[in-house]
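**Student:** Residue numbers (our numbering), protein chains in the order written: chain A, 1 to 195; chain B, 1 to 895.
In case anyone wonders, no lab produced these hints; they're calculated from the structure.
Think of the CB as a built atom: it goes at the ideal place given N, C-alpha and C, for glycine as much as any other residue.
One or more hints might be untrue.
Unchecked claim - Below, simulated DSBU-like cross-link-like pairs (lysine-lysine); rule was C-alpha separation at most 30 Å, straight line: (1) K274(B) - K42(B); (2) K79(B) - K98(B); (3) K752(B) - K600(B); (4) K143(A) - K220(B); (5) K79(B) - K143(A); (6) K220(B) - K106(A); (7) K297(B) - K774(B); (8) K79(B) - K265(B); (9) K106(A) - K79(B); (10) K142(A) - K230(B); (11) K230(B) - K28(B); (12) K99(B) - K142(A); (13) K511(B) - K442(B); (14) K183(B) - K230(B); (15) K142(A) - K220(B); (16) K139(B) - K23(B); (17) K230(B) - K106(A); (18) K488(B) - K139(B); (19) K142(A) - K217(B); (20) K249(B) - K82(A); (21) K106(A) - K28(B); (22) K82(A) - K229(B); (23) K167(A) - K135(A); (24) K135(A) - K229(B); (25) K274(B) - K99(B); (26) K42(B) - K82(A); (27) K265(B) - K143(A); (28) K82(A) - K217(B); (29) K143(A) - K774(B); (30) K230(B) - K82(A); (31) K220(B) - K82(A); (32) K263(B) - K82(A); (33) K217(B) - K141(B); (34) K135(A) - K488(B); (35) K167(A) - K139(B); (36) K142(A) - K249(B).
What the hints assert, rightly or not - Sample of chain B residues with no beta-carbon within 10 Å of chain A, all distances over it, derived: (37) V114; (38) E145; (39) G826.
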Amino acid sequence: MSVGTLTKKILQAALFYEIWDAMKVTFKHMFHKPITFQYPREQRTIPDTHRGALGLLRYDDDRERCVGCDLCEAACPSRCIKVISSEDAERPLQRYASEFYIDITKCVFCGYCVEACPVNALAMTKMYEFSTHDKRTLLFDKKRLYDIGERHLDDAKKYLYAHNQEKNVEESREYRYYFPQSVLKPTQSTPKHLS
Amino acid sequence: MGLKPATNPEVEAATIELTIDGKTVTAKDGVSLYDVISSTGKIIPAMCYHYTFDPFGSCGMCLVMQEGKKAPVRSCTAKATAGMIIRTEGDDLFQARKKAVEKHLSVHPLDCPVCDADGHCELQDMAFQHGVTNLANAKQKFIPEDTRSPVLDFNMNRCIACAECINVCKDVLMIDALQFMKKGGFNQVVAKGDLPLACEFCGDCLAVCPVGAITNKFSKYLYKPWQMKKTTSTCNYCGDGCQMYVETKDSEVIRVTSPLSWKNKWGDRAETSKGHGGLCVKGRFGFEYIDAPTRLKQPLLRKGNQLTEAPWLETMHAVVDRFADIRKKHGPDAIAGLITARCTNEELYLFQKLMRAGFRTNNLDSSARYGHMNFVHASKLALGIGRSPNDWEDLTKAKAVLVIGSNVTETNPLTAVRIKEAIRVFKAQVMVFDSAVTNIGKLASHPFLIKPGTEGLVIDGLVKAALELDLVDEENVNKHPQAFAALKAAAAHLSLEQIASKTGLTVDSFKETAAIFAEAPRSVILCAEGIVRQPGGYQNVLKLIDLAWITGKLGKPGCGVNTVTEEPNEQGAVDMGVAPEFLPGLAPFTDQAARDKVAKAWDVTLPAVGSGANLMEILKRCRSGQIRALYVVGENPLATLPASMDIRAALDRLELLVVQDPFLTDTGRMAHVVLPACTYAEKDGTFTNLEGRVLRVRQAMEAIGESVPDWHIMTALANGLGCQWEYESANDIQTEIMKLLPGYYNLGQPRKLVPTADAYLSNGYAAAVAGRYKTAAPDSQRPFTLLMGPVLYHSGKLSTAAPGLIKVAPNTGRLRMNPSDMERLGLQDGSSVKLTSDRGALQMGVQQDQSVAPQTCFFPEHFNEPPVKDLMTVDVDGTTGVPSFKRTGVTIEKA
Numbered sequence: 001m002s003v004g005t006l007t008k009k010i011l012q013a014a015l016f017y018e019i020w021d022a023m024k025v026t027f028k029h030m031f032h033k034p035i036t037f038q039y040p041r042e043q044r045t046i047p048d049t050h051r052g053a054l055g056l057l058r059y060d061d062d063r064e065r066c067v068g069c070d071l072c073e074a075a076c077p078s079r080c081i082k083v084i085s086s087e088d089a090e091r092p093l094q095r096y097a098s099e100f101y102i103d104i105t106k107c108v109f110c111g112y113c114v115e116a117c118p119v120n121a122l123a124m125t126k127m128y129e130f131s132t133h134d135k136r137t138l139l140f141d142k143k144r145l146y147d148i149g150e151r152h153l154d155d156a157k158k159y160l161y162a163h164n165q166e167k168n169v170e171e172s173r174e175y176r177y178y179f180p181q182s183v184l185k186p187t188q189s190t191p192k193h194l195s
Numbered sequence: 001m002g003l004k005p006a007t008n009p010e011v012e013a014a015t016i017e018l019t020i021d022g023k024t025v026t027a028k029d030g031v032s033l034y035d036v037i038s039s040t041g042k043i044i045p046a047m048c049y050h051y052t053f054d055p056f057g058s059c060g061m062c063l064v065m066q067e068g069k070k071a072p073v074r075s076c077t078a079k080a081t082a083g084m085i086i087r088t089e090g091d092d093l094f095q096a097r098k099k100a101v102e103k104h105l106s107v108h109p110l111d112c113p114v115c116d117a118d119g120h121c122e123l124q125d126m127a128f129q130h131g132v133t134n135l136a137n138a139k140q141k142f143i144p145e146d147t148r149s150p151v152l153d154f155n156m157n158r159c160i161a162c163a164e165c166i167n168v169c170k171d172v173l174m175i176d177a178l179q180f181m182k183k184g185g186f187n188q189v190v191a192k193g194d195l196p197l198a199c200e201f202c203g204d205c206l207a208v209c210p211v212g213a214i215t216n217k218f219s220k221y222l223y224k225p226w227q228m229k230k231t232t233s234t235c236n237y238c239g240d241g242c243q244m245y246v247e248t249k250d251s252e253v254i255r256v257t258s259p260l261s262w263k264n265k266w267g268d269r270a271e272t273s274k275g276h277g278g279l280c281v282k283g284r285f286g287f288e289y290i291d292a293p294t295r296l297k298q299p300l301l302r303k304g305n306q307l308t309e310a311p312w313l314e315t316m317h318a319v320v321d322r323f324a325d326i327r328k329k330h331g332p333d334a335i336a337g338l339i340t341a342r343c344t345n346e347e348l349y350l351f352q353k354l355m356r357a358g359f360r361t362n363n364l365d366s367s368a369r370y371g372h373m374n375f376v377h378a379s380k381l382a383l384g385i386g387r388s389p390n391d392w393e394d395l396t397k398a399k400a401v402l403v404i405g406s407n408v409t410e411t412n413p414l415t416a417v418r419i420k421e422a423i424r425v426f427k428a429q430v431m432v433f434d435s436a437v438t439n440i441g442k443l444a445s446h447p448f449l450i451k452p453g454t455e456g457l458v459i460d461g462l463v464k465a466a467l468e469l470d471l472v473d474e475e476n477v478n479k480h481p482q483a484f485a486a487l488k489a490a491a492a493h494l495s496l497e498q499i500a501s502k503t504g505l506t507v508d509s510f511k512e513t514a515a516i517f518a519e520a521p522r523s524v525i526l527c528a529e530g531i532v533r534q535p536g537g538y539q540n541v542l543k544l545i546d547l548a549w550i551t552g553k554l555g556k557p558g559c560g561v562n563t564v565t566e567e568p569n570e571q572g573a574v575d576m577g578v579a580p581e582f583l584p585g586l587a588p589f590t591d592q593a594a595r596d597k598v599a600k601a602w603d604v605t606l607p608a609v610g611s612g613a614n615l616m617e618i619l620k621r622c623r624s625g626q627i628r629a630l631y632v633v634g635e636n637p638l639a640t641l642p643a644s645m646d647i648r649a650a651l652d653r654l655e656l657l658v659v660q661d662p663f664l665t666d667t668g669r670m671a672h673v674v675l676p677a678c679t680y681a682e683k684d685g686t687f688t689n690l691e692g693r694v695l696r697v698r699q700a701m702e703a704i705g706e707s708v709p710d711w712h713i714m715t716a717l718a719n720g721l722g723c724q725w726e727y728e729s730a731n732d733i734q735t736e737i738m739k740l741l742p743g744y745y746n747l748g749q750p751r752k753l754v755p756t757a758d759a760y761l762s763n764g765y766a767a768a769v770a771g772r773y774k775t776a777a778p779d780s781q782r783p784f785t786l787l788m789g790p791v792l793y794h795s796g797k798l799s800t801a802a803p804g805l806i807k808v809a810p811n812t813g814r815l816r817m818n819p820s821d822m823e824r825l826g827l828q829d830g831s832s833v834k835l836t837s838d839r840g841a842l843q844m845g846v847q848q849d850q851s852v853a854p855q856t857c858f859f860p861e862h863f864n865e866p867p868v869k870d871l872m873t874v875d876v877d878g879t880t881g882v883p884s885f886k887r888t889g890v891t892i893e894k895a
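This is chain A alone, in the form it adopts within the complex:
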């Protein structure tokens, strides 16, 4: 071992060189912008096309959009949707989903159901936090789905716009179906474009 090397070693030992060397990264990061995202306290901005929790939507006049046509159930590749429909007692000849279940534990978030929906009653939201103590609560029923839809109405609409499902509320009326009238209660006036 030469004198130079020895001197260098002694000097490094005296000045705690290794420690300073190791701490270099730490000190460097003191002046960096932090990368860690403080998840529960901070929320990420999510793109409009994001496929999150499914929600059911209502029209502006608070009527349920869903007509219980079961096409979402047919489209679902993981078979997590179950729809039971019946006739709306107050508006004869109007079909609606009396029960609607989505087993979100089975859902693969493919968005096919939203695409299949002829009345744009289903939409995906930016909600993705499903953690729970009880797995059974992950079987979303109709009430829960409408709650999600209501709470995340803006996101749901943005999703539909982003996926070219719906332009805006006015134009989306074109998608709605006109139902045959009932003997019991003529509730609907003849649609504008038909009269």
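Based on these hints, arrange chain B on the given structure of chain A.
**Tutor:** Using the frame of chain A, we list chain B on its own:
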């Protein structure tokens, strides 16, 4: 196949040749061009076509180009002629068909998402196939929906006026309940006269509707076709054994659909002689009992005075212990068993094996004893076959059908459709003798209204007329001259005039009927409840066989004496040996060879020859205390037999009454143990229908609650009693039956049995026939005859558990009377009368019924409220032990 099928099946139509798409095709003359094209395997779209009826030509889809014509022609209404050159494909045809779809679609609401037919809609398929994307001049009809019918909703906005519903109703079923009516500028299908639909509610119009214009009220809005699981099964309401699709979702039956549908519209018209694939009201709308809330879900055990729910294990232990105890103390003959013929063949087989090999007793019987046994015994004795010799095809192609004592349109609607086809297509002459104005009588060429209870006399008259007019078949009769002489001697004292006056007919009508029957090349006799459920039923069936014999109709193809059964598997019950006198395969219980075979197969000693009791005897022995334990599977003697039989007292004396049923029946309420059984939709098995076809019953859904298939319970019971049965499924039992009765299943085809009367005619016929033609007219001092029988909308007591059928035909609790009688007695609909018979009196309301003959009154046998059945006297047949209790004399007074 064709515009009109050849009316006479013996005459072959001439053959013609034509060119279709460059290929030469041979076809029969006079058939529709569409049929010729479809027989080559090419499918041209058509929405108003169905092979079961004549082409109507309203949809304009089946266009083809015929050389020499400028515009496309409709192939369904065009007749195929020799030398035609036809093109079925091409862009011009595609565009023409697309125009036709657009025309239909432009007045069709696009409410597919809310329509029940979505995904099962021909218009939808056509629009998709032809790429119809935009519609100019679309308009809406805004017709209110007709929801007045109890089972069907008519949404005429969706109607495409194809008239399939009207055609099937008028042409195939001959009910003619629908019509077109122009209302609000549109042609609409309405019930006749635009009244609420009141028909047989068979729902075949619903089945053939290619769009969602006619919808099923039971499944409306609930599910889409693709959501349901479809299981092919056999209907368990009557002996017709119709095939049907049970559509289920999870553990719920949503609807029942039929093989008849717009989906299979291509077929050979001649094929319909084996059945057109439709269903009746019971099959299509009577499914709701399967998942009814009244179903038993847990075994019930009597504790003190009450039936309380108990676990299976505890219940089975109790049952086995008590049966074993009774057998030890009182011997095996203190145990008896009854089973319903609504069980599958496998279960019936297992039941008799359980009784004979498990309990070692021969006290067993099935509900075939309530009537069918009369026919079986007569047929077995005389012809050696023990079932109806003819199938539906024979019935359809018959030239003469003698329907006697059978309201076949009500009891077996699909067998009736066969007779209707015989009338319509094959121009058969149908002679109907009945004591009510029946629907088949209205369609028949020779309807006769007879006095109630004189069916036997009518047969006497027909035999006498055949002898008098010398309509005998020499060849047949000369083989057994002694027998014929004996028959002649036995019938010598008969006088047609006397019989005519007693039955309310004319001498000529007997002569005419006998002549038509004897001279037709294929004559079929159909006798049912009016014969086999009435006193003297056994002798009357033998007399009908005599009639068929002397006119040469025995053993001739397409001829024979037939019956229809009320329950789906009465024939199976008899074939499986669920009767003290029969072993499986209809072998007599006394037949040593058969006994050895069965004993060897089961590895047991069978109960001694001469032991055993049938239904009536079992009930008698229950009353006397000889029988101490009764095992009842699906039967309900308490609600079936009149009070005079004192069934309640008989059952009260029992030490152990085990009832196994899907529902808590009247008998079940008296039981010590009630075991919940599955219905046919929850188990596998087979039914044997009235033609002798063995039809599959398939499990459509999981068992309701803790109910278990009958065979499973019986296997558990047998193993508890020390047998070593290893049946894991109904299939295992089937394998055993196949070994014991080779050829029984016969791949679901009716086994052709050739009836031979030679042995019967040469041995002791003379002695037997001597007393046969001494029928006495029913003599009653009372002016009215009360008849009880089945109605179209119900079957036994089972259908009363189906809310849909109750909605269609509720128990009015009223006696049905002829309007003229009511007028004479000064009665109005709903007024109260006092009904008195030899057995008691009853106060009840009355209602008008045109189908009830004067001097008679009718009450459906399905209802016991008010207890009309208790007015009946029971008459037990000496030979067959069949109880008859469906007719009695009554006095009606205004109350």
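**Student:** Measuring Cβ to Cβ, find out whether V114(B) lies farther than 10 Å from everything in chain A.
**Tutor:** violated, 4 Å
**Student:** Taken at face value, is the distance from the CA of K82(A) to the CA of K42(B) at most 30 Å?
**Tutor:** Roughly 39 Å between the alpha carbons, so the hint for K42(B) and K82(A) is violated.
**Student:** Take a quick look at whether K142(A) and K249(B) sit within 30 Å of each other, Cα to Cα.
**Tutor:** holds, 19 Å
**Student:** Holds or violated: K135(A) and K488(B), Cα atoms, limit 30 Å.
**Tutor:** Violated, at roughly 86 Å.
**Student:** What's the verdict on K263(B) and K82(A), does the C-alpha distance respect the 30 Å limit or exceed it?
**Tutor:** The given pair, whose Cα atoms are some 27 Å apart, holds under the 30 Å limit.
**Student:** Given the hint that K230(B) pairs with K82(A), does the C-alpha gap stay at or below 30 Å?
**Tutor:** holds, 18 Å
**Student:** Can the restraint linking K79(B) and K143(A) be considered satisfied, given a maximum Cα separation of 30 Å?
**Tutor:** violated, 60 Å
**Student:** Tell me if the straight-line CA distance from K142(A) to K217(B) falls inside 30 Å.
**Tutor:** holds, 25 Å
**Student:** Is the Cα-Cα distance between K249(B) and K82(A) 30 Å or less?
**Tutor:** holds, 11 Å
**Student:** Would the hint linking K183(B) and K230(B) be met if the CA-CA limit is 30 Å?
**Tutor:** violated, 38 Å
**Student:** Tell me if the straight-line CA distance from K106(A) to K79(B) falls inside 30 Å.
**Tutor:** violated, 58 Å
**Student:** For K135(A) and K229(B), compute the direct alpha-carbon distance and say whether it is at most 30 Å.
**Tutor:** Holds, because 28 Å separates the two Cα atoms, which is no more than 30 Å.
Checked against the numbered hints given earlier, the structure breaks hints 5, 7, 9, 11, 12, 14, 16, 18, 21, 23, 25, 26, 27, 29, 34, 37 and 38 and satisfies all the rest.
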